[in-house]
Structures are given as C-alpha cells and as structure tokens.
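Protein chains: 2
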Amino acid sequence: MTTASTLPAGAPALPADTKAIAEIVGGMAFDANGLVAAIAQQVESGEVLMLAWMNREAVETTLRTGYAHYYSRSRQKQWKKGESSGQVQKLVDFRLDCDGDAVLMLVEQTGVACHTGRHNCFFRAPRALGGLTEIAKVEVDPRKLYGG
Amino acid sequence: MTTASTLPAGAPALPADTKAIAEIVGGMAFDANGLVAAIAQQVESGEVLMLAWMNREAVETTLRTGYAHYYSRSRQKQWKKGESSGQVQKLVDFRLDCDGDAVLMLVEQTGVACHTGRHNCFFRAPRALGGLTEIAKVEVDPRKLYGG
Numbered sequence: 606m607t608t609a610s611t612l613p614a615g616a617p618a619l620p621a622d623t624k625a626i627a628e629i630v631g632g633m634a635f636d637a638n639g640l641v642a643a644i645a646q647q648v649e650s651g652e653v654l655m656l657a658w659m660n661r662e663a664v665e666t667t668l669r670t671g672y673a674h675y676y677s678r679s680r681q682k683q684w685k686k687g688e689s690s691g692q693v694q695k696l697v698d699f700r701l702d703c704d705g706d707a708v709l710m711l712v713e714q715t716g717v718a719c720h721t722g723r724h725n726c727f728f729r730a731p732r733a734l735g736g737l738t739e740i741a742k743v744e745v746d747p748r749k750l751y752g753g
Numbered sequence: 606m607t608t609a610s611t612l613p614a615g616a617p618a619l620p621a622d623t624k625a626i627a628e629i630v631g632g633m634a635f636d637a638n639g640l641v642a643a644i645a646q647q648v649e650s651g652e653v654l655m656l657a658w659m660n661r662e663a664v665e666t667t668l669r670t671g672y673a674h675y676y677s678r679s680r681q682k683q684w685k686k687g688e689s690s691g692q693v694q695k696l697v698d699f700r701l702d703c704d705g706d707a708v709l710m711l712v713e714q715t716g717v718a719c720h721t722g723r724h725n726c727f728f729r730a731p732r733a734l735g736g737l738t739e740i741a742k743v744e745v746d747p748r749k750l751y752g753g
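Chains as they are written, first to last, in the numbering used here: chain A, 606 to 753; chain B, 606 to 753.
These aren't lab readings, by the way, just hints derived from the structure by calculation.
Copies of the same chain look alike in the list, so a pair counts if it fits in one copy or across any two.
No more than 20 Å apart at the CA atoms, straight line, and that leaves these computed lysine to aspartate or glutamate pairs for DMTMM-like:
hint, residue 1, residue 2
1, Lys685, Glu662
2, Lys695, Glu662
3, Lys624, Glu662
4, Lys742, Asp704
5, Lys742, Asp698
Predicted model, so just to flag it, every value in this text is computed and none were measured.
Assemble the whole structure, with the sequences as input and the hints as a guide.
Quick look at the structure:
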C-alpha cells in the first residue's frame, strides 16, 4: 500500500513545465467560484498541516515555482504561503483526487503552518471535558511571524 | 511535535454526547451553502484518504454515531460513508482548524476509501512523462463495491 507519507516510484517532475501544467489544470474541476480545496501534508511525518483554496492561477504558480500558492477568498487574490511570515511550503508532490476537485500537496514546511503559531491548523478536538480543547501548543509567537 | 498520525494525550470522547456536539457545531464556520470541507486520514499510517463535505447534520451524526457521514452536493443529502459499499470509516478523532471551516477526521478505514476501488482518492500525480499519471492501483473492483 502506498501511504500518504511515502513517495511512490517514479520521479515527480516538479516544478512542472508549461505543457504539463496545462494538462494538469485542464483536467481539474474548479467549482462555481473557480476554486478547488487543497490539503497540505508534511511529506515525511504525514502530518496534515492545513486546508486552503486554490484557483487556476494558484495551481499554475505552485506547479511552476515549486512552492505552494493559494487563493484568498477574503482578499480575492492569489497568495504565496509564507510570503509574509517566511513559513513557506516547498512542493514535493501534487496529487489530484478522483473527482478532480481536491488537491493533496506533499510539502516540506518551513517552520509552522498555522497563522496562530502552531505547527498545523487542526489543533482543536473534543476531549473528555466536552466541547473542543486545544491539543497543540503555540510554537512561534504570531507577532513574530507577521511583525504585528 | 504532534504528528497527524498520533493521538495526543487525553482520551477522545467519541462518540460525543449531545451537549458536546452542540458546543462543537456551534463553534464551526459553515459556508454560504452550509458546508465545511472534511479530510479523512487513516489514523495509523497518516494516509490522506479523501476530501468531502459536511453540513451541520453530517457533523452531528458523525459525532453521535462514531462513523463518518458527509453531505452529497449532487444528491443534496447526508450520506454515511460506506452505506452502499460497506467501506465505512470509524471515527477516532475529530479536529477543527483555526478558522472553524475545515475538519480533519482520523479514521479507521474499512477496505478502500475511493469509489474507484483505490485505497485513497489522490491517485493522480505529475510524473516524468508530463500531465497526470495514475500512481495507485485498483484494489477492489468498483462493481463489487456497488453491485453495479
């Protein structure tokens, strides 16, 4: 079985060339807003870091540059992960799901993925006391990440 | 560091009780269509199995029953993963992200997660030949999964 945290045989061709990028993007099913959901997963540990959104431009830029780019629905523009904080994601593999509307990126995360300073964004979970408990600690002060 | 494939200290309280479920759902940010994105990850291997959607009802049913339920945008109703195929997902942990609009479920997957018969849905990736290559094999004939 191929686990998420191991790369299968065959060298990934990333960054990809223009022709490959056009073929990949052409096979994707963007939603009514022109977006797909994108998961970033740490390549070695298998840790799911975050979920964000990509438009066509963000997919193209990610595949061309080899660094994860997303689309901000609030700012309505493409952004490079880590452009402010330095916490970039180097792309190791780019996988499309069966429906073509979800992407799994295996990445090498520099520093922490979450804007709260935690290593990943999924740090709230139900525990014995009911409701949600924070299960991961802040590793980097967010004010240091964004100069706030 | 807490990796995605290990459970942190503190026993998960799943299935959750009514009060805990109300607290969890009350803190979630459903989009204009009443949905959040939900990732299913195999608890032991860290393999990302699939991405689908949950509405409020699907979250409540998942937390109440301890089995993953999603919302089908095409059929416009809740569905239990594996209800036709038997390939159910037993919930081990339920994690909410920093924005409250994405869920990470750690699950024990029975059989295969993908309707194509592959173990996970993210089986297409760019390889040396350009475009997308199928990187995982079909493990179960889909006709056997769905009686088609």
